[in-house]
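Q: Chains as they are written, first to last, in my numbering: chain A, 1 to 198; chain B, 1 to 215.
FYI, nobody ran anything at the bench for these hints, they're computed from the structure. The beta carbon of each residue, even a glycine, is placed where N, CA and C say it ideally should be. Fair warning: there could be bad hints in the mix.
Heads up, incomplete: computed chain A residues facing chain B, CB under 10 Å, no partners named [to be verified]: (1) Gly14; (2) Asn39; (3) Arg63; (4) Lys64; (5) Leu116; (6) Lys145.
Listed below are the simulated EDC-like cross-link pairs for lysine to aspartate or glutamate, each with C-alpha atoms no more than 16 Å apart in a straight line [said to hold, decoys possible]: (7) A:Lys32 x B:Asp72; (8) A:Lys148 x A:Asp110; (9) A:Lys32 x B:Asp76; (10) A:Lys148 x A:Glu138; (11) A:Lys7 x B:Glu78; (12) A:Lys32 x B:Glu78; (13) A:Lys148 x B:Glu61; (14) A:Lys148 x B:Asp13; (15) A:Lys148 x B:Asp207; (16) B:Lys185 x B:Glu206; (17) B:Lys58 x A:Asp110; (18) A:Lys32 x B:Asp13; (19) B:Lys58 x B:Glu78; (20) B:Lys58 x A:Glu20.
If you want the building blocks of each chain, they are given just below.
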Amino acid sequence: MQRYQRKVYSVAYGFLRNQEDALDVVQESFIKVHRYLANFEGNSSFYTWLYRIVTNLCIDHIRKNRRHRELEFDDGLRHDGGDDPGGIVALPLSSMGDPAQLLQRREILDAVQDGLQYLSDKHRAVIIMRELQGMSYEEMAQEMKCSKGTIMSRLFHARRNMQRLLTERLGYVPSPATDENSEDRDAERVATPQAVLP
Amino acid sequence: MTGTEEQLSAYIDGELGPEERAEVDQWLARDPQARALVAEFGLLRGAVTAGFEAEAAKVPEARFEQIWDEIDRALDRETAVHPSTQPTPSLWSRMLSVLRPVWVPVAATAAVAAVVVGIVGSGAITRTNGPATQPALASNEATSTSSAPVAPVLADSKPSVEVDPVVPAPALGEAEIERIEFGSKAGRIGTIEGKRGTTTVIWISEDEPPVGRSL
Chain A
1 MQRYQRKVYS
11 VAYGFLRNQE
21 DALDVVQESF
31 IKVHRYLANF
41 EGNSSFYTWL
51 YRIVTNLCID
61 HIRKNRRHRE
71 LEFDDGLRHD
81 GGDDPGGIVA
91 LPLSSMGDPA
101 QLLQRREILD
111 AVQDGLQYLS
121 DKHRAVIIMR
131 ELQGMSYEEM
141 AQEMKCSKGT
151 IMSRLFHARR
161 NMQRLLTERL
171 GYVPSPATDE
181 NSEDRDAERV
191 ATPQAVLP
Chain B
1 MTGTEEQLSA
11 YIDGELGPEE
21 RAEVDQWLAR
31 DPQARALVAE
41 FGLLRGAVTA
51 GFEAEAAKVP
61 EARFEQIWDE
71 IDRALDRETA
81 VHPSTQPTPS
91 LWSRMLSVLR
101 PVWVPVAATA
111 AVAAVVVGIV
121 GSGAITRTNG
131 PATQPALASN
141 EATSTSSAPV
151 APVLADSKPS
161 VEVDPVVPAP
171 ALGEAEIERI
181 EFGSKAGRIG
191 TIEGKRGTTT
201 VIWISEDEPP
211 VGRSL
């Protein structure tokens, strides 16, 4: 189980943006795994099952503490695409040099973490589910109780916003917005932990 | 044909169907900006993953060890507060389960032996004046024809014959030995009055055993 600990921590940190909160979720996640392991039916991989537990604990944590937070989980309008640049824009990351070396540069990695902090909870959630947990659009749609089309749109805008935030952080000038997308302005909520855990 | 940028995002995720994917392939083939955006999204994806791995690497291993210690303690507390719903079998139950294959016949044999010892040792036996004074085995015939619990026992010596392990040992009471005639046969029987109003009759010996009958 220890081999999952840092991955689990990554997911928790991605959602919560706080080390101690993330470690608390890591602890609670593995306790739940022990507690409900007998109920694990094997319909999904253990990896997927574990990450669903982590995700739901994080969402639960966010909801419990929403009054202390600047953003609420279902209030994903800050970077939901209303001011999203439309059209194909300048490409800050790919213009910075060799991709392999790029991913080892500290300022890039720090900028990623900063950028995630400014994403809405929904956008951060789809980024984490896709990039860290490797969930399919179908799985994400089930988890977030929305359509696959919404997931596709949400993930695209999340990436766009992330790109824009990285550009701002790294000193590049983002391209101007040319259109507006409102598909992602819905307020679907992520499945509650009770919907996942036995 | 030109698709949407959302399709490009889904393209790198492998979430497009064959038809859509073919359309995007055609688009990418003729549009360098679209190719650049796909490359950018791919790079962004790598940056996000690397960023999380770097963040996780900041947590020292010792901190995770503390977490596991906490998990162990939490699980121990849960076990203490909510013991298993299956009651732990008692030592006696566990011993019985181990000894079950042998204890039933042993107990039955012991019960019959106790009857005999009780009869002999209590002095409750009243002998009749019969001609046969030697202890003798009850006949097999009598055992097989009688409906009473007449397991063959040796009246005045140690039991040396097989007993039916399922026959319950009678509750002990006073025993009497008397001589009876039964059809063309005559012999001695022992009767024991049980405490529950039952009477156990034991065929002890025949006065004149038929030729060829083994003891």
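Q: All the hints need checking, so say for each whether the structure fits it.
A: Hint by hint, here is what the structure shows:
Interface hint status for Gly14 of chain A: upheld, as the beta-carbon distance to the closest one in chain B is roughly 6 Å, under 10 Å. The closest approach between the C-beta of Asn39 of chain A and any C-beta of chain B is roughly 15 Å, which is over the 10 Å cut-off, so the hint fails. At its closest, the beta carbon of Arg63 of chain A sits 22 Å from a beta carbon of chain B; the interface hint therefore is violated under the 10 Å criterion. Checking Lys64 of chain A against chain B by beta carbon gives a least distance of about 19 Å; that is not within 10 Å, so the hint is violated.
With 10 Å as the threshold, the beta carbon of Leu116 of chain A comes within range of chain B, its nearest partner Cβ sitting at about 8 Å, so the hint holds. Hint status for Lys145 of chain A: violated, given a least beta-carbon distance of 18 Å to chain B, over 10 Å. Note on Lys32 of chain A and Asp72 of chain B: the hinted pairing holds, with a Cα-Cα distance of about 12 Å set against a maximum of 16 Å. A threshold of 16 Å between alpha carbons decides the hint, and for Lys148 of chain A with Asp110 of chain A the separation of about 31 Å lies outside it, so the pair is violated.
Taking the CA atoms of Lys32 of chain A and Asp76 of chain B, the gap is about 14 Å. The hint holds against a cut of 16 Å. Between the alpha carbons of Lys148 of chain A and Glu138 of chain A the distance comes to roughly 6 Å, so the proposed pair stays at or under 16 Å and holds. Of the pairs offered as hints, the one joining Lys7 of chain A and Glu78 of chain B is violated, with about 26 Å between alpha carbons and a cut-off of 16 Å exceeded. Among the hinted pairs, Lys32 of chain A with Glu78 of chain B is consistent with the structure: their alpha-carbon atoms are about 12 Å apart, no more than 16 Å.
Taking the CA atoms of Lys148 of chain A and Glu61 of chain B, the gap is about 38 Å. The hint is violated against a cut of 16 Å. At most 16 Å may separate the alpha-carbon atoms for a hinted pair to count; Lys148 of chain A and Asp13 of chain B meet this at roughly 13 Å. Between Lys148 of chain A and Asp207 of chain B the alpha-carbon distance is near 101 Å, which puts this suggested pair outside the 16 Å criterion. For the given pair, Lys185 of chain B sits about 7 Å from Glu206 of chain B by alpha-carbon distance, which is consistent with the 16 Å threshold.
With a C-alpha separation of about 12 Å, the suggested pairing of Lys58 of chain B with Asp110 of chain A holds against the 16 Å cut-off. Distance check on the hinted pair: Lys32 of chain A and Asp13 of chain B sit about 31 Å apart at the alpha-carbon level, beyond 16 Å; violated. At most 16 Å may separate the alpha-carbon atoms for a hinted pair to count; Lys58 of chain B and Glu78 of chain B exceed this at roughly 31 Å. Proximity of Lys58 of chain B to Glu20 of chain A is assessed by CA-CA distance (about 12 Å); at most 16 Å being required, the pair is judged to hold.
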